[in-house]
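Colleague: Protein chains in written order, with my numbering: chain A, 2 to 594; chain B, 8 to 134.
Read the hints as simulated data drawn from the structure, not as lab findings. Accuracy of the hints is not assured; some may be wrong.
In the BS3-like style, the derived pairs of lysine-lysine whose C-alpha atoms are separated by at most 30 Å in a straight line are [unchecked claim]:
{"#": "1", "chain 1": "A", "residue 1": "K531", "chain 2": "B", "residue 2": "K68"}
{"#": "2", "chain 1": "A", "residue 1": "K383", "chain 2": "B", "residue 2": "K68"}
{"#": "3", "chain 1": "A", "residue 1": "K314", "chain 2": "A", "residue 2": "K235"}
{"#": "4", "chain 1": "B", "residue 1": "K68", "chain 2": "A", "residue 2": "K469"}
{"#": "5", "chain 1": "B", "residue 1": "K14", "chain 2": "A", "residue 2": "K372"}
{"#": "6", "chain 1": "A", "residue 1": "K110", "chain 2": "A", "residue 2": "K182"}
{"#": "7", "chain 1": "A", "residue 1": "K371", "chain 2": "B", "residue 2": "K68"}
{"#": "8", "chain 1": "B", "residue 1": "K13", "chain 2": "A", "residue 2": "K356"}
{"#": "9", "chain 1": "B", "residue 1": "K80", "chain 2": "A", "residue 2": "K356"}
{"#": "10", "chain 1": "A", "residue 1": "K126", "chain 2": "A", "residue 2": "K138"}
{"#": "11", "chain 1": "A", "residue 1": "K383", "chain 2": "A", "residue 2": "K410"}
{"#": "12", "chain 1": "B", "residue 1": "K51", "chain 2": "A", "residue 2": "K372"}
{"#": "13", "chain 1": "B", "residue 1": "K85", "chain 2": "B", "residue 2": "K43"}
{"#": "14", "chain 1": "A", "residue 1": "K115", "chain 2": "A", "residue 2": "K101"}
{"#": "15", "chain 1": "B", "residue 1": "K38", "chain 2": "B", "residue 2": "K14"}
{"#": "16", "chain 1": "A", "residue 1": "K507", "chain 2": "A", "residue 2": "K400"}
{"#": "17", "chain 1": "A", "residue 1": "K436", "chain 2": "B", "residue 2": "K43"}
{"#": "18", "chain 1": "B", "residue 1": "K68", "chain 2": "A", "residue 2": "K356"}
{"#": "19", "chain 1": "A", "residue 1": "K360", "chain 2": "B", "residue 2": "K14"}
{"#": "20", "chain 1": "A", "residue 1": "K416", "chain 2": "A", "residue 2": "K469"}
{"#": "21", "chain 1": "B", "residue 1": "K43", "chain 2": "A", "residue 2": "K472"}
{"#": "22", "chain 1": "A", "residue 1": "K371", "chain 2": "B", "residue 2": "K38"}
{"#": "23", "chain 1": "A", "residue 1": "K371", "chain 2": "B", "residue 2": "K51"}
{"#": "24", "chain 1": "A", "residue 1": "K369", "chain 2": "B", "residue 2": "K85"}
{"#": "25", "chain 1": "B", "residue 1": "K80", "chain 2": "A", "residue 2": "K372"}
{"#": "26", "chain 1": "A", "residue 1": "K371", "chain 2": "B", "residue 2": "K14"}
{"#": "27", "chain 1": "B", "residue 1": "K85", "chain 2": "A", "residue 2": "K356"}
{"#": "28", "chain 1": "A", "residue 1": "K427", "chain 2": "B", "residue 2": "K43"}
{"#": "29", "chain 1": "B", "residue 1": "K14", "chain 2": "B", "residue 2": "K80"}
{"#": "30", "chain 1": "B", "residue 1": "K43", "chain 2": "A", "residue 2": "K531"}
{"#": "31", "chain 1": "B", "residue 1": "K13", "chain 2": "A", "residue 2": "K360"}
{"#": "32", "chain 1": "A", "residue 1": "K416", "chain 2": "A", "residue 2": "K371"}
{"#": "33", "chain 1": "B", "residue 1": "K38", "chain 2": "A", "residue 2": "K369"}
{"#": "34", "chain 1": "B", "residue 1": "K128", "chain 2": "A", "residue 2": "K369"}
{"#": "35", "chain 1": "A", "residue 1": "K101", "chain 2": "A", "residue 2": "K74"}
{"#": "36", "chain 1": "B", "residue 1": "K38", "chain 2": "A", "residue 2": "K472"}
{"#": "37", "chain 1": "A", "residue 1": "K498", "chain 2": "A", "residue 2": "K427"}
{"#": "38", "chain 1": "A", "residue 1": "K182", "chain 2": "A", "residue 2": "K307"}
If you're wondering where the values come from, they're calculated on a predicted model, not measured in any experiment.
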Amino acid sequence: MQNTIIIISLLFSALGVAMGIFYYWQFLHLEKQYKNLEREKKKQQEVMGRKMYELAILKELGERVGYSLNIEKIVDIIICSLNQFIEFSAVSYMLLEPEKIIFKIHLEKSVSHKFIDDVRERMLKSLSALLEREFKKSEIDESLAGAIIVEDINEPVRSFFNIPLVINEKVVGVLTVAHTKANLYQEEEMTILYKIVKQASQAISRLQEVIATEQSKLNSMVASMTDGVIMTDKDYRILVANPAARLAVNLPTQGEVTIFNFIENLGNKFDIRGKLEASVKLDKILITDEVLINDKFYKIFVAPVKSNLPMTKGEILGGVIIFHDITPEKEIETLREDFTSMMVHELRSPLDGIKKISKLMEEDYIRKDKKSYNEFIQLIYKDSSKMLEIVNDLLDVAKLEAGKLEINKEPTNLKKIINERLDYYKIMATEAVLKLDFISDQNLPVEINLDPQKISQVLNNLIGNSFKYTKTGGEIFIQAFIHQKGQDLNQEAKSKKLKWFNVPEKYNLTDFPSAVVVAITDTGIGISEKNQTLLFNKFKQFKASALSGEKKGTGLGLVIAKGIIEAHEGRIGAGSIEGQGSTFYFALPIVKI
Amino acid sequence: MEKINKKILIIEDEETVLRVLVTKFTHEGFKVFEAKDGEEGLAKALEEKPALILLDIIMPKMDGMTFLKRLRKDNWGKNVPVIILTNLSDDRNIAEAMEGGVYDFLVKSSWEAEDVVRRVKERLGIQ
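Build the full structure now, drawing on both the sequences and the hints.
Modeller: See the structure below:
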């Protein structure tokens with residue numbers, strides 16, 4: 002019995018010990034686990050902390066990047082933020098520009114020249130590898146900032162980390178951190194650097210896309226403008242130069258142009274650069290009223306372009322130049338001036354003549370000379386008639402333009418008024434040995450609704466012109482016929498075998514309703530092609546008449562005739578061959594009374 | 008009026024002005040030749056070789072400026088005094104004419120016939 006108790010006690014003790022060991026072992030294990038967890042937690046906290054740092058920096062960067070596309074500035078900003086969580090002796094970047102490589106190195110601690118050289122070497126190698134291009138040291142535009150160089154600190158580069166800078170999938174440079182200490186820049190730490198750079202690159206790429214879209218919208222709008230438009234940035238680089246601007250100075254409408262192209266082609270006619278500078282400096286729009294470039298007149302506006310963004314409000318972004326073509330207005334102005342001065346001249350000459358003659362007629366020897374005396378009276382009559390004609394014509398034209406030309410239509414026998422005009426001119430015809438004929442269609446309506454007095458005036462003008470411009474032995478034909486709607490006038494005249502000089506397209510009646518056409522054809526000196534374009538234009542005709550020295554009327558008669566015919570809803574036109582003769586016609590639509 | 012016996016050529020296309028001048032100068036005793044355009048004028052000038060020419064600017068066929076250029080090419084023609092009769096609207100031609108060698112300008116509407124006579128006499132040194 003005693004033995005059994007001893008054995009059971011021993012067993013229990015063994016169990017106890019075993020359990021104790023077990024628990025102890027468990028306890029140890031748990032503690033380890035617990036310690037692991039602690040460590041884990043701490044690590045996570047660290048990571049969280051870092052992430053928060055990252056976020057804060059990224060946020061700040063995002064804001065700043067949003068307002069500036071200047072890559073240098075952005076990289077500078079990045080560098081400034083880096084020392085908050087990365088240790089370095091030096092941070093630097095290389096940026097690729099068209100003509101050079103920008104190399105900026107910021108020293109956090111003093112280093113030797115050798116250190117910098119080493120960094121530079123490595124970066125250049127990286128850049129070359131990235132872009133598969135060789136770069137020369139001479140291409141580098143270097144700048145240094147931060148701590149001073151101390152030659153004695155002979156520490157080499159022991160840690161080095163490179164990140165490529167990529168914008169819109171293009172490598173534009175490298176960013177580097179370097180330290181004299183070894184074994185820095187492990188993967189973990191470098192992650193944030195990657196992220197920052199990536200974030201900045203993405204932001205820039207996106208912004209560049211947006212700008213490209215907006216730019217192309219702007220470009221399309223500007224390209225289609227009829228005014229020439231040039232936009233420059235504040236360094237006078239051309240951002241936009243639309244076709245109209247290029248054509249104005251004889252530059253090709255495609256391809257790149259620089260401000261120098263414009264400066265060269267403008268010569269001394271317009272100081273484009275000077276105006277841009279002045280406009281920006283004075284901050285106002287400068288207008289140059291009249292600049293003659295290649296036979297065209299332009300009004301040129303130069304204005305500064307300012308930023309409207311909250312951060313950079315008021316900052317000068319560049320300039321815009323607008324070439325506004327005022328040639329048509331200038332032409333009209335010139336024509337009007339000429340018209341006025343010629344009108345004055347035309348009136349003054351006969352008036353002066355009358356004055357001189359009257360003075361002369363006071364002399365005894367004239368009064369006694371019956372022949373001279375009568376001759377002079379005739380001259381007075383002629384001059385005063387001429388003046389009256391001019392004044393009447395001018396008044397008629399003025400009425401026309403004011404829309405006050407009165408037409409009083411009544412049923413009129415057209416043949417009758419034509420015959421009346423013929424009677425009037427018959428004497429002249431005989432004197433000038435000119436044949437004057439009237440031919441009319443059989444089926445011409447007997448009466449047409451028109452203003453007899455005004456149509457007589459038109460006939461007078463046209464027949465009178467034929468007389469003026471046809472030499473002795475010539476012929477004048479007055480022909481009246483019916484035009485059918487839709488028919489070509491020249492063809493109609495041909496088929497009716499009329500005496501006719503073909504009229505140009507603009508005077509054809511193909512789209513005109515059925516009408517009575519009265520055509521006056523002469524075998525006179527005809528009209529040159531150039532002058533044919535002037536025919537019914539007030540200013541041009543007057544000028545041409547006055548300048549030619551041929552005192553054959555004001556030239557306004559045709560202008561007035563046109564006004565009268567158009568007031569009848571009719572059409573007037575002419576065709577001619579210089580040296581052979583001319584045809585002038587007017588058409589009055591047939592309206593069923 | 009005693010004969011001055013000097014030849015004078017008047018080239019003017021305005022009938023009235025021409026008649027007045029011709030009458031006046033004839034009355035003053037000049038031997039007057041006339042022409043209505045530059046072409047006729049040039050022919051007469053080279054033929055008659057007048058002592059002085061009164062010239063209008065705006066004329067048909069050949070205007071005053073062209074006449075003057077052609078005249079000055081001739082050996083005799085380059086020395087003959089010319090007085091231009093013009094109206095103010097011919098301003099632009101004035102500078103041109105001065106180069107062509109012209110003695111004087113008379114604006115038609117500001118001068119009476121006798122003023123023209125006086126100026127001609129001055130130029131020819133006649134009392």
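Colleague: What hints, given by number in increasing order, does this structure fail?
Modeller: Per hint list: 7, 9, 11, 24, 25, 27, 32, 36 and 38 violated.
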